[in-house]
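Chemist: Residue numbers (the numbering used here), protein chains in the order written: chain A, 841 to 1182; chain B, 841 to 1182.
The set of hints was computed from the structure by calculation and includes no laboratory data. Among the hints, erroneous ones may be present.
Identical copies carry no separate label here, and so any pair may be met within one copy or between two of them.
[Said to hold, decoys possible] Below, computed lysine to any residue pairings styled on SDA-like, alpha-carbon distance capped at 20 Å:
(1) 1165 with 1150
(2) 1126 with 1160
(3) 969 with 932
(4) 1126 with 1159
(5) 1064 with 937
(6) 998 with 1030
(7) 893 with 1092
(8) 893 with 1061
(9) 894 with 909
(10) 893 with 1094
(11) 894 with 979
(12) 1165 with 845
(13) 998 with 929
2 protein chains.
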Amino acid sequence: MPKFRRIATEEAWSTPEVAELLRQVSRGLSRSLDLPIVRGIYDNPAGDPPLLKKLLDTADMRLRTMDENNVDMHLLALTSPGVQMFTSREAVRLAEVANDRLAEVVAAHPDRFAWLASFAPQDPAAAVKEIHRARTELGANGFMVNSHTDGEYLDEEKFWPILEALNDLRAPLYIHPRAVPEGFDSALRAYGIETAIWGYGVETGTHAVRLIMSGVFDRFPDLKIVIGHMGEGVPFWLWRMDRMADPHRRRPAHRPPYRMSEKPSFYFKRNFAITTSGMESVPALKYSIEVLGDENVMWAIDYPYQDMPDAVQFLDDADIPDESKAKIYSGNAERIFGIAPN
Amino acid sequence: MPKFRRIATEEAWSTPEVAELLRQVSRGLSRSLDLPIVRGIYDNPAGDPPLLKKLLDTADMRLRTMDENNVDMHLLALTSPGVQMFTSREAVRLAEVANDRLAEVVAAHPDRFAWLASFAPQDPAAAVKEIHRARTELGANGFMVNSHTDGEYLDEEKFWPILEALNDLRAPLYIHPRAVPEGFDSALRAYGIETAIWGYGVETGTHAVRLIMSGVFDRFPDLKIVIGHMGEGVPFWLWRMDRMADPHRRRPAHRPPYRMSEKPSFYFKRNFAITTSGMESVPALKYSIEVLGDENVMWAIDYPYQDMPDAVQFLDDADIPDESKAKIYSGNAERIFGIAPN
């Protein structure tokens, strides 16, 4: 096996200011389906739980585990739900704080870390300002948002200034899962399926489908969206989406007019890339390479929620060409996130 | 190419009594996401539209089109949403009417048609009675339900008598899509994505995941569920579901106790089969065969919503072994639905 450079592209991090406010916020809420996991991590009465310790840690345990597993870089981002459960004012402030902290972490180890910055969709004008600051002053490699904000999705017109800024700066946006909002939750309130078992994919896949169908990629053709977990189910649906929503065919009478000019798969291949986070299935990887091309798939661990050794072994052992493996391990991440090649 | 027997396993049919009541019901509702398509088909002011004509037709156009495309049999079923938008009393009555009518249609062409009977989940006791009647007196090859009923899913305890009857009679249940219910709809109210574009899979896949996670397959181990559209996205999620919900591993502290005793994929392979309806993607077919086995995949057209020639060409041309193709075209349907071999 060649010596691959391994860049993991969906790696979770947090900072005490955000962790503390999440703990407070989780005590004041009752209905949100994000609560079980937020309480489990940030409001654990047993004290400092291992998961939170790993999230807050950067140079110590994380780098050691990376070394042990021959992982060259982590693309770090403030972990879900980021600043999106806070009031607009708190969210704007904490996005800035988190970005400043994370920029410092990366500056201390520029060969081991790259990063995605946060912004507060609650205040689109402030978000645009922070996107410019984080990209041009702090050098962020891209941005991360945790799906919906108060039940709203980025295809809605109020968020277009955010998409425009990302488009103009050629800054990729990673859409990470969180639990579905109220109103999109009833069938998922059972057996814990609102989580990574099923619901996160429903939420984030729906976000991707909304963006595609809304036509925003005609308006912002350079916008690049990254989604994890082998594409949140969307790659498996592409044939059916193309069949059911092809602007070049006659629209069924009971359907609303198309907003986009091309078939869904056109945008998914041009404006999206997917990562392997938390989805270490070789058949799903090979399927995704076949329908999307090996230039649209990136490796990710989802540390500390998933284990590093398993993620490395998954791609090391996958029976795909070394050339594809090199792209998935690092070549595509270098291109999409602007990480300097070795 | 060998001469395959072609049994199409998700073929839509309707009867004037149901069509008329759907037309009436659709005028009295406003919020249901089933409305656009129900109105489009049953309440089209332009008169008798081609789709409704094809649904109501049996011996005439349908058999001719089957002959033209070398399709041997249709497994017919009352088309979505079946009787599930009616009041309990109307639903019970119309399930009986539809089953009587469809049994007659099949009796007139036993070599060309098999069928799935309807029941009214609104009244579980009446449903159990009708399941027994349709199976033992009318000879139904199985049953079809159109996902949720008034926002409730079959894993809920009130429906267990239905699952028990199906289990005891060894009668397969086809869970067909309909639009998501209120409370599970907010994010899907945009760009027509509540339909086959995306939402039907969210709804029906969620139904399948709920059944698996609820543990009903430990209670009813012979229950066989069939889902269409290449498994409604579930096959692509199996690795992640197994990773996130494995009763043999330690449960994360913030998760509810497991209700089932085995991993999700165990039940999906033992208690489910999928069909290719409306999903003519060779990569998706090959992926599904790889993770589920060729004994769990059946061919379907979804006539008249989808075209027969495309569906035949899809499987005729797929680069899979003829042995697998024979199982998918008819062998598995003969076994699962009790259709006599040629």
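Chemist: When no copy is specified for residue 894 and residue 909, does a C-alpha distance of 20 Å or less occur within a copy, between copies, both, or neither?
Modeler: For residue 894 and residue 909, only the intra-copy Cα distance (16 Å) is at most 20 Å; the inter-copy one is 60 Å.
Chemist: Using 20 Å as the alpha carbon limit, work out where residue 893 and residue 1094 are close: within a copy, between copies, both or neither.
Modeler: between (53 Å within a copy, 17 Å between copies)
Chemist: Between copies, within a copy, both or neither: which fits residue 1165 and residue 1150 at Cα up to 20 Å?
Modeler: within (16 Å within a copy, 35 Å between copies)
Chemist: At 20 Å max between alpha carbons, let me know whether residue 893 reaches residue 1092 within a copy, between copies, both or neither.
Modeler: between (54 Å within a copy, 16 Å between copies)
Chemist: Measure nothing new, just compare the shortest in-copy and cross-copy C-alpha distances for residue 893 and residue 1061 to 20 Å and report within, between, both or neither.
Modeler: neither (40 Å within a copy, 43 Å between copies)
Chemist: Reference check for the pair residue 1165 and residue 845, CA-CA at most 20 Å: within, between, both, or neither?
Modeler: Intra 10 Å, inter 42 Å, cutoff 20 Å: intra-copy only.
Chemist: Reference check for the pair residue 969 and residue 932, CA-CA at most 20 Å: within, between, both, or neither?
Modeler: Answer is within: at 10 Å inside a copy they meet the 20 Å cutoff, but 60 Å across does not.
Chemist: Pop the pair residue 894 and residue 979 into one bin, within, between, both or neither, using alpha-carbon distances up to 20 Å.
Modeler: Neither way: residue 894 and residue 979 sit 24 Å apart in one copy and 60 Å across, limit 20 Å.
Chemist: With identical chains, the pair residue 1126 and residue 1160 could be close in the same copy or across copies; at 20 Å between alpha carbons, which is it: within, between, both, or neither?
Modeler: both (8 Å within a copy, 16 Å between copies)
Chemist: Checking an output row: residue 1126 and residue 1159, CA cutoff 20 Å. Within, between, both or neither?
Modeler: both (9 Å within a copy, 16 Å between copies)
Chemist: If the cutoff is 20 Å on CA atoms, where do residue 998 and residue 929 land: within, between, both or neither? Let me know, please.
Modeler: within (17 Å within a copy, 47 Å between copies)
Chemist: With identical chains, the pair residue 1064 and residue 937 could be close in the same copy or across copies; at 20 Å between alpha carbons, which is it: within, between, both, or neither?
Modeler: So residue 1064 and residue 937 fail the 20 Å test inside a copy (25 Å) and across (54 Å) alike.
Checked against the numbered hints above, the structure violates hints 5, 8, 11; every other hint is satisfied.
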